[in-house]
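K.L.:
Each chain, written out:
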Amino acid sequence: MTDPIYKTDALIAQDIDAYLETHQHKTMLRFITCGSVDDGKSTLIGRLLYDSKMIFEDQLAALEADSKRVGTQGQEIDFALLVDGLAAEREQGITIDVAYRFFATEKRKFIVADTPGHEQYTRNMVTGASTADLAVILIDARKGVLTQTRRHSYLVNLLGIKNIVLAVNKMDLVGYDQKVFDQIVADYTTFAQSIGIERFTAMPISGFKGDNITAPSANTPWYTGPSLLPYLEEVEVDATTDQEKPFRLPVQWVNRPNLDFRGFAGMIASGAVRPGDEVRVLPSGKTSTVARIVALEGDRDVAVAGESVTITLADEIDCSRGQVIVAAKAPLEVADQFEASIVWMDEHEMVPGRAYWLKIGTQTVSASIAQPKYEVNVNTQEHLAAKTLDLNSIGVANITTDREIPFAPYAESRDLGGFILIDKMTNATVAAGIIHFSLRRASNIHWQATDITREHHASMKHQKPAVVWLTGLSGSGKSTIGNALEKKLARMNRHTFLLDGDNVRHGLNKDLGFTEADRVENVRRVGEVAKLMTDAGLIVITAFISPFRSERDMVRGMMQPGEFVEVFVDTPLSVAEERDVKGLYAKARSGQLKNFTGIDSPYEAPESPEIRIDTTALTADEAADAIIARLIP
Amino acid sequence: MSVKTLTHLQRLEAESIHILREVAAEAQKPVMLYSVGKDSAVMLHLAKKAFYPSPPPFPLLHVDTTWKFQDMYKLRDKAAADAGMELLVYQNPEAKEKGINPFDHGSLHTDMWKTEGLKQALDLYGFDAAFGGARRDEEKSRAKERVFSFRSANHRWDPKNQRPELWRLYNARKAKGESMRVFPISNWTELDIWQYIHLEGIEIVPLYFSAPRPTVVRDGLVLMVDDHRFPLKDGEEPVMRSIRFRTLGCYPLTGAVESEAKTLPEVIQEMLLTTTSERQGRAIDHDQAASMEKKKQEGYF
Chain A
1 MTDPIYKTDA LIAQDIDAYL ETHQHKTMLR FITCGSVDDG KSTLIGRLLY DSKMIFEDQL
61 AALEADSKRV GTQGQEIDFA LLVDGLAAER EQGITIDVAY RFFATEKRKF IVADTPGHEQ
121 YTRNMVTGAS TADLAVILID ARKGVLTQTR RHSYLVNLLG IKNIVLAVNK MDLVGYDQKV
181 FDQIVADYTT FAQSIGIERF TAMPISGFKG DNITAPSANT PWYTGPSLLP YLEEVEVDAT
241 TDQEKPFRLP VQWVNRPNLD FRGFAGMIAS GAVRPGDEVR VLPSGKTSTV ARIVALEGDR
301 DVAVAGESVT ITLADEIDCS RGQVIVAAKA PLEVADQFEA SIVWMDEHEM VPGRAYWLKI
361 GTQTVSASIA QPKYEVNVNT QEHLAAKTLD LNSIGVANIT TDREIPFAPY AESRDLGGFI
421 LIDKMTNATV AAGIIHFSLR RASNIHWQAT DITREHHASM KHQKPAVVWL TGLSGSGKST
481 IGNALEKKLA RMNRHTFLLD GDNVRHGLNK DLGFTEADRV ENVRRVGEVA KLMTDAGLIV
541 ITAFISPFRS ERDMVRGMMQ PGEFVEVFVD TPLSVAEERD VKGLYAKARS GQLKNFTGID
601 SPYEAPESPE IRIDTTALTA DEAADAIIAR LIP
Chain B
1 MSVKTLTHLQ RLEAESIHIL REVAAEAQKP VMLYSVGKDS AVMLHLAKKA FYPSPPPFPL
61 LHVDTTWKFQ DMYKLRDKAA ADAGMELLVY QNPEAKEKGI NPFDHGSLHT DMWKTEGLKQ
121 ALDLYGFDAA FGGARRDEEK SRAKERVFSF RSANHRWDPK NQRPELWRLY NARKAKGESM
181 RVFPISNWTE LDIWQYIHLE GIEIVPLYFS APRPTVVRDG LVLMVDDHRF PLKDGEEPVM
241 RSIRFRTLGC YPLTGAVESE AKTLPEVIQE MLLTTTSERQ GRAIDHDQAA SMEKKKQEGY
301 F
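Residue numbers (the working numbering), protein chains in the order written: chain A, 1 to 633; chain B, 1 to 301.
Simulated from the structure, these hints should not be mistaken for laboratory data. Do not rely on the hints blindly, as some may be mistaken.
To be verified - 27 Å max Cα-Cα, derived DSSO-like pairs, lysine-lysine: (1) K245/A to K4/B; (2) K262/B to K424/A; (3) K4/B to K162/A; (4) K119/B to K74/B; (5) K262/B to K26/A; (6) K48/B to K26/A; (7) K107/A to K119/B; (8) K4/B to K107/A; (9) K49/B to K29/B; (10) K48/B to K424/A.
Quantities reported herein were computed from a predicted structural model and do not represent experimental measurements.
Let the hints inform the model, and build the full structure from the sequences given.
P.N.:
Structure, rendered in structure tokens:
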């Protein structure tokens, strides 16, 4: 049942110590298998597990019983059943997520990322490929290079996998015909070159029959290349080349057991480190030398890429989680604007301009994405115009972070160039991104320092600047309260300005509509204007529905601490609708007005506003008094 | 610059330490679930390495059923003390009051002591991240489990709504009341665990090694009579057999294997030559088809 080279019972039985010694020097290879539902992917993985003796007798008995009951191979063993996991999927006969499988031979331990082949494919495949050293792209010999093959190859290349195996499967079903194989390889070569894949290794196999899996098959005497498993055992892994690059250690955790010890813990992203090496901490730029590489079993002389270490520095310099310790002579680039490829992974489409959390290396910053430059059709690799990205789509866009971060282009470092985006409200991981390069704009546009400072502006007016941000449903009374408030403040000789939603849309924001993306941009611009006005020392009152928490929080983040006062004008929908001063609710109900807040577009009420006004209990004047009491204590 | 090829165990160790540190950095109040088995032993050892010279910055939690082997209780207390960590032991008071036991109550025993007990303990202390020693190779539904497994406020696991995990970037953000189960040794296999224990000289419960022990055979499982609570049937006499355990749980639910393997290399040798998978000795998996997946959705680890 198994090829002798993968059957080591003899050594295990005779000399277990020798066996253990051998196995302690094994290396590891992580790979991904890419194929569509019928390409025989699960069968191939099942076959690898079976041939490397990873299946126990009780599992085999269950497999044989299952094969007869629900298998698709008649009375023969259906290897695919070994890898199809969750109950719901087994009933549907498909896998729906990324599953990780393990097997080992004499030389290597293997981790296989198995991803399904249907509409969630892009998201799952990108996930599986992100940690893979190698990709096996399966082709059904009867069908040749298909749209799916192109899609899989595009994604593998996007995720930077350099080792590609083209496994032409089901050779048994085309009579092991060399012409079929050669034609597929020729077709694939043309395509691969067109998308920038430099090299790949093609093999004629049958996962079901076992041809060219562990040993050369007698059915393909014309094929003289390697069989799959021996190839996977021998192929060189990229990880070792990472050691030759400059030293980079993203600081993950600062270890402070007592006042005398300060260690910086993290996994080395590239290069090697030794005590005495000169290093620089980014983004601060401070330099020092490595004092010790500390470990439980005793200090170490050297540590390399891929190892989790704790180092100490000779000097007391500021360094915390998210910063990167690098070789002093080969620092990383630091920037706050990037061009990146983005793979959208969430049911809710991307909202350009909205702030998301961006996690890269060990740091998390706030970031916003511009409207995509283009979207890529993953099947044809064509560039398409796009306003946003939805689930499973891939595009290229500029990203701006709220502070400068050390990074490397993804092509140089997966650890310092790959990022995820997290929705600030739902905490879902909504996208994966790959940094291409930084945009020079960040370093070219400097903040112009002015001699008359914001403090100076404010002191001339004898007041503390603030933004009173009134949020609530249409018709809740924001403008009425805002107006009452401004009149009262004017009587108190305070310098104010009221920014009203309707008025701003007549000028500054007249190019914007009421889609989610336009509403985000509307609020962002108002936030920027309000910010400039606070620099001028004014008390700014704004009256905008501003339905999304994300954007209100974004504006809060733009202001000086304590200067943003969120006022929730709390009016039940039924009351606002009954008032319907502008007749908008009636229009929305009859379908004449789309994206109307409270009707067919959501309103996300503030969770902890500075002030909540219950308009069913207070008049506009009373509400204004309540705000003033808070504003001017 | 000299190139050093990392072995599979070095890469696995580095990945696990990275995961442990990431939780320490991002969670508000993490805890390590410690079940005293070999996987827990490896996880605890990795935690010591990850945070050295500090002790791991979280306590150990043992969700106890009162039905573990006596040897496990002994090692539990010693291991926590050796690591300089606080040990919390939790027993579901309702299960205690009702006298729930594996002999009379079948799967209710696991539900109440372990599944309910775990939820109660996490709620009681307000832990927002709990490390577990589960491995993906143990069982088919585990193969799809994330390293950071997100749980709703009532501890449910929704297999269709898990966050994608890319590169080494784990998203640990969550709303109040929600929590994460984190599995630092997800990518280890049983063989990796044994090799690492051997290489690092990690102390494990003696029950993993063969010795003559009092046993009875029930429903094809060789059970050890670990204390006086074992209800012997009429005419049933414990028989001394040379046995050991491949996996440890509640003693009345854990089947032993007859074995002469008295050292680690012998245990590994036997494991490699054996023909049944690790979980077969556990009654819990055989209850119903896809039983582990169902238990996980309900909040079992």
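K.L.:
Which numbered hints does this structure break?
P.N.:
Per hint list: 2, 7, 10 violated.
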